[in-house]
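Protein chains in written order, with this note's numbering: chain A, 1 to 411; chain B, 1001 to 1328; chain C, 2001 to 2326.
Simulated from the structure, these hints should not be mistaken for laboratory data. Any given hint could turn out to be false.
Restraint-style ranges between C-beta atoms, simulated for each label pair [as the list claims (entries may be wrong)]:
id, chain 1, residue 1, chain 2, residue 2, range
1, A, 392, B, 1023, 56 to 66 Å
2, C, 2170, B, 1155, 49 to 59 Å
3, B, 1105, C, 2190, 46 to 56 Å
4, B, 1195, C, 2123, 33 to 43 Å
5, C, 2101, B, 1297, 25 to 35 Å
6, A, 318, B, 1155, 17 to 27 Å
7, B, 1189, A, 268, 44 to 54 Å
8, C, 2148, B, 1098, 48 to 58 Å
9, C, 2162, B, 1033, 54 to 64 Å
Looking from chain A toward chain C, a few residues come up when the C-beta cut is under 10 Å (computed) [said to hold, decoys possible]:
id, residue
10, 110
11, 159
12, 163
13, 177
14, 249
Bear in mind the structure is a predicted one, so any value in this text is a computation, not a measurement. All C-beta atoms, glycine included, are put in the ideal place defined by N, C-alpha and C.
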Amino acid sequence: MKKTQLKLAVLVVVVLMVAVMALTGCGNADNPVDSTDNAATTDAGGDAAADTNADSGDSAANAGADNSGSSTTASAGSGSWMWGDAAWEAAVRSKVEGQTLKIGFTPPAASEFYDIIMHGAYSMMNELHDHFGVNFEFEFVAPSEHDAVESQIATIENWATKEFDVVLVCTAGDFDSMNSVYQKANDAGTAIYLFNMPAELWDENSINMVSCISYNNGLQAGALAGEYAAEKLNGEGKILFISGNDGHWTAARKQGFEDTIAKYPGLSIVAEQRGEYVRDKGMAAAENMLQANPDVNFIYGENEEMAQGAVQAIEAMGLKLWDGTEGIIVVGADGLVSGYEQISNGMLTATVDVGHVDMGREAIRSIFMHEMLGYTLDKVTNVPAILVDADNVAIPDAYAKWALSIEPAFN
Amino acid sequence: MNNSNTTALEATIKKNKIDRQLIGLVIFVAAIMVIMSILSPSFLTASNLTNVLRQSVFIMLLGFGMTFVLTTGGIDLSVGVVMALSGGMTGWLLSFNVNIVPALIAGFAMGTLVGAGNGLMVTKLRITPFIATLATMSIGRGVMYVWTNSIPFRNYMVGGFRFLGQGNVLGLQFPIIVAIIAFIVLQFVFRKTRFGRHVTAFGSNNESAKISGINTDRLQIKVYALSGFMAALSGIILASRLETVHPEMGKGYELDAIAAAIIGGTSLTGGKGSLIGTALGAFIIYLISNAINLLNVDPDWETIVKGILILVVVGVEFLSHSANKRKL
Amino acid sequence: MMATEKALKGRPSVHKKKFDELGILIVAIALFIFLSIASPHFLKFTNIQNLLLQSVFVMLVGFGMTFVLTIGGIDLSVGSILGFSGATCGLMIIATGSAAAGVLTGLVTGVGFGFLNGILITKLKIAPFLVTFAMNSVIRGILLLTSSNGSVSGFGIDDFTWLSQGYAIGLPVPVIITIIVFVILLFLFKFTSFGRYITAIGSNKQAAFLSGVSTNRITVIVYMLSGLMAALSGVLLAARMSSVPSELGAGYEMDAIAAAVIGGTSMAGGKGSIIGAIIGAMILGMISNGLDLLSVNQFYRQIIVGIIIVVAVALERLTSLKSEKV
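Between the sequences and the hints, there should be enough to build the whole structure, so can you do that?
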């Protein structure tokens, strides 16, 4: 009996260790840079821009940290920040070179949208690494359910235990529900930054964070869609509204949209249903609402997945999509590459690019400026957002694709 | 011999019970139809009802497989993720310009194999079906994320594939036709074949089924594989209909499928199942959402009303049951 | 009464076995040792505090679920009850300013919904799965209506948040509450006739009924207990977050069931273990804590969780089969 138990215990340990180690080995986020990643970076860099000039300034000092010897990333040559001035770069480099920032990144879900933000962050970390020799450790954890706020709280606690310098948070939980864990993290020496959160809904000074890098959900997403409706419909028309899950984003976008619509007495929202931010639910909601209101002019879906579901519902019911002069206009929000494709194909009419790439870039830049150089930050920084339709889709599409092509190479 | 006699007797009693429940469901559907046709002019139209039917096809197909699983006394929580895995497999292959036939076969194989894997865990490792399929659900979802890198599969819509989810035959949407064919075939399997009888016998009484010589392990593996296959069918059609496979595709469908089966009179404890009931159950779930949407009820109310109506549907069965008792 | 005792003796008693949870305990210890070696942060005092704190919310719900599963039922409504009880608790605090009144309201809400579940199951004879599935969406809907802008907040008074954010004798307060609850429930489960009846009903409802156990009454009490545990967890979570998001608790039913079943409770009824529920919840807690500490890639996490659950339960089965043979 004793013997079997001992055997069993050994077996358990072995199995668990093999299972966990095998899998952690595949995905250790601490060391995302291995040979294959570097190969990818080189490829991406070669595709986008041949920026040998950016190499000259820092290649020598950088050789120790970056053993791949590949060219720097595509963005470095694009002059998007104050790159290129040798004196300034040398001054900064002397302060931060060789130091490491540990950053945790926790969005509410692993999705295409947050993937774009994360790649935006990669792009800035790569640039800072190339120019100033600062290193980053970057970890990414999302809860398995979008609304599992307490699982994000646990992750933040665990990261504070691991002595992270900074945690970047975006959560479905409101600021109140997160404030005590932010305090707990601050007490442990971990600074909290928020991204993609509708700070306009709260008193930002009461939040235990350094800064929130976001966009204004009401004005920069909801209101833009509302203005677009008014413009295209000349202030006259029936609107269907497909909302996401209850929560601050949904509430803020809805308020921005409704407030704008209210300015035009000819516009009315004739029906509203929930699409839970997913395509099949959005499609079903659109189908059902279109049964009762086949004569609508405009459908607003609070994200692109639901809006694309609405497009497919319109097609399946044999109704006419907007062709520039007549048909049903469908507008989404977020700015995914798949959404831009649908706009180019003439399916989706428009969407709002909420500045996802810039949120990632700005967040990292703010962290660097404040944590390493000591600059002060405003409590809320809103990045630019833009309404995207067939006329201007090329620009945000190219920007998002550039961000997605970037692989991490920052330590 | 004695044993099989009693099982047969039990089966007839249970069948009567199911019939009563079906009557209850039909009464319920009729009641909704009448009330709704008064409240909303767009409800009782052919286009709206086929619309509801088409929406319910996915849950219905899952529910058919689930009915077999529940009848053996098991449960399959992995069907939602199997939809994503199978739809993903087919879509992924199609996006590499693989011919549609092998792509479909690979999708079905994926679902069937995952299902068989569930069956193996349940029979050989003796893990409770709930936990085994819960673990499969978690693993499968993780695989979807690793596989897609969180960016949905898309750009796989070749002409033939589009037909599966969006085509029309004789004025009916193709998914509806698939559901009808699946229903006829499975109804035959369930009621007329040895396999179907064994499923019911096993669910009524595991021990006596084993004693009477049924290879119960193989039976269960087959049942879970069937459930996986049905989930694959549902997932592939959904992939065609949505034109994209999101890593979260099918999330939560498992509970709706189970609810559809139970509303239709299938018992969670096994031994009692009805495919007609499941079809009606799935239809009712979507009919309720449709009615609520047409009346433009506040979406917050939708969840409440849906829950209450499910209780009412089953309550109708109970009331008709007690009325019958009084007659006796 | 004699007949009852006889019926109860007639079936193999789970209480009489020496230590049923051994297999799963070995798994838990192995996981603990592995994490201690693999991560330098794991054995830190703050991390152990966090680990316990992060596990108790599922654990409490798992306790209630253990009772429900043992009686042969299931409770899918715990997630919504958890969220809604947290919300009523918060609203009461906003209204009265008293933490005690809030906690009481929250707990009563949970017990009330548990009672409703139990009545629907026993009087209308609807399958527990269906009743609690439907109630889950009803209660969630009420919570959505209650919470404007997606959450109920503004009740973070110090008396109340102390319940989850405070420490006593070096442990977070919720951990101490959980230990007290555990002791009470263990006593209830193992040493009272109530506990024996639950197991009896789960093993064979007919026999239990015939031998004079009032099955309906006990079933209702069990669902009330499950509601109470969910509500307690909800109140503590509300105190932890000083706010109740409208989706609070969604998915907790699955975690709670997993914790109970990993701990050796049978889904088919008749066999349950409160100690097992603790171990199960700790294993789930250690997995997610460990995944964070070991910096495991996001995308592999769910795969690892699934595999560990299968391994843990399979081992549990293996050992319990062995001990049956002995």
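Quick rundown of the hints versus the structure:
{"no.": "1", "hint": "A:392 with B:1023: 56 to 66 Å", "in the structure": "60 Å, holds"}
{"no.": "2", "hint": "C:2170 with B:1155: 49 to 59 Å", "in the structure": "57 Å, holds"}
{"no.": "3", "hint": "B:1105 with C:2190: 46 to 56 Å", "in the structure": "54 Å, holds"}
{"no.": "4", "hint": "B:1195 with C:2123: 33 to 43 Å", "in the structure": "38 Å, holds"}
{"no.": "5", "hint": "C:2101 with B:1297: 25 to 35 Å", "in the structure": "34 Å, holds"}
{"no.": "6", "hint": "A:318 with B:1155: 17 to 27 Å", "in the structure": "24 Å, holds"}
{"no.": "7", "hint": "B:1189 with A:268: 44 to 54 Å", "in the structure": "52 Å, holds"}
{"no.": "8", "hint": "C:2148 with B:1098: 48 to 58 Å", "in the structure": "50 Å, holds"}
{"no.": "9", "hint": "C:2162 with B:1033: 54 to 64 Å", "in the structure": "56 Å, holds"}
{"no.": "10", "hint": "110", "in the structure": "6 Å, holds"}
{"no.": "11", "hint": "159", "in the structure": "7 Å, holds"}
{"no.": "12", "hint": "163", "in the structure": "8 Å, holds"}
{"no.": "13", "hint": "177", "in the structure": "4 Å, holds"}
{"no.": "14", "hint": "249", "in the structure": "9 Å, holds"}
Of the numbered hints stated above, none is contradicted by the structure.
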